[in-house]
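K.L.:
Here the structure of chain A is known, so what remains is to put chain B in place on it, guided by the hints.
Residue numbers (my numbering), protein chains in the order written: chain A, 7 to 120; chain B, 3 to 114.
Check the hints yourself; a few may be wrong.
Straight line, CA to CA, 30 angstroms or less: simulated DSS-like cross-link-like pairs of lysine-lysine [as the list claims (entries may be wrong)]:
id, chain 1, residue 1, chain 2, residue 2
1, A, Lys23, B, Lys71
2, A, Lys24, A, Lys75
3, B, Lys71, A, Lys71
4, A, Lys75, B, Lys101
5, B, Lys54, A, Lys23
6, B, Lys5, A, Lys71
7, A, Lys77, A, Lys23
8, B, Lys101, A, Lys71
9, A, Lys24, B, Lys5
10, A, Lys77, B, Lys71
11, A, Lys77, B, Lys101
Everything labelled a hint here was simulated from the structure, so no lab data went into it.
Treat the numbers as computed from the prediction; the structure is a model and nothing was measured.
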Amino acid sequence: EAQVTQNPRYLITVTGKKLTVTCSQNMNHEYMSWYRQDPGLGLRQIYYSMNVEVTDKGDVPEGYKVSRKEKRNFPLILESPSPNQTSLYFCASSPPPARYYGYTFGSGTRLTVV
Amino acid sequence: DAKTTQPPSMDCAEGRAANLPCNHSTISGNEYVYWYRQIHSQGPQYIIHGLKNNETNEMASLIITEDRKSSTLILPHATLRDTAVYYCIVIKYGGATNKLIFGTGTLLAVQP
Chain A
7 EAQVTQNPRY LITVTGKKLT VTCSQNMNHE YMSWYRQDPG LGLRQIYYSM NVEVTDKGDV
67 PEGYKVSRKE KRNFPLILES PSPNQTSLYF CASSPPPARY YGYTFGSGTR LTVV
Chain B
3 DAKTTQPPSM DCAEGRAANL PCNHSTISGN EYVYWYRQIH SQGPQYIIHG LKNNETNEMA
63 SLIITEDRKS STLILPHATL RDTAVYYCIV IKYGGATNKL IFGTGTLLAV QP
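Chain A on its own, in the form it takes in the complex (with noise of 0.2 angstroms):
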């Protein structure tokens, strides 16, 4: 089946404390790119990759980073993660070129800084 996996689904963590939110997609997508979602704000993109090592900053790119160093995996690394940083985070792919296709999401991983 064609999707798009977040690990974990859920999250409880401490300021400060180094963490990874793993996303993988099996339909050989060159573009990946990770999404945050709170109240009132509703979804903003953090980082996208146009392909393997092609990463660029989103909107509210600040606490993250990125990698992509195979096409199948884009992970979400929170270096020092802070309370602000709490909220429900979706990862999507699609294939180029994009204007042709949607975006395949994951389910979410909902993230809780204490």
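P.N.:
Structure of chain B alone, referenced to chain A:
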């Protein structure tokens, strides 16, 4: 990218057609209209998209006005599982980014 305006909420009776409007009066010629939906904190789900012609797939139909300033998503026979927030997004592809800008969407409540 052009901004979109959607009603915050709508109701629809189960089995009836749900017609969700979207205004995108500042859309430019190379911008596409996309519709996604999000069912209670799940990942957004792609529904349909179009440029200027009406489109239909197994999920829905998309009607775009001739001047392209507005569109309507039609779910022909709404079910309870169609209760979700529906997002209308306008985006221009090409260049270095393919960012989806989600607005506040329309909460569609399908009533039994």
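K.L.:
Which earlier hints turn out false for this structure, listed by number in ascending order?
P.N.:
Going through the list in order, the structure violates hints 1, 3, 5, 9, 10 and respects the others.
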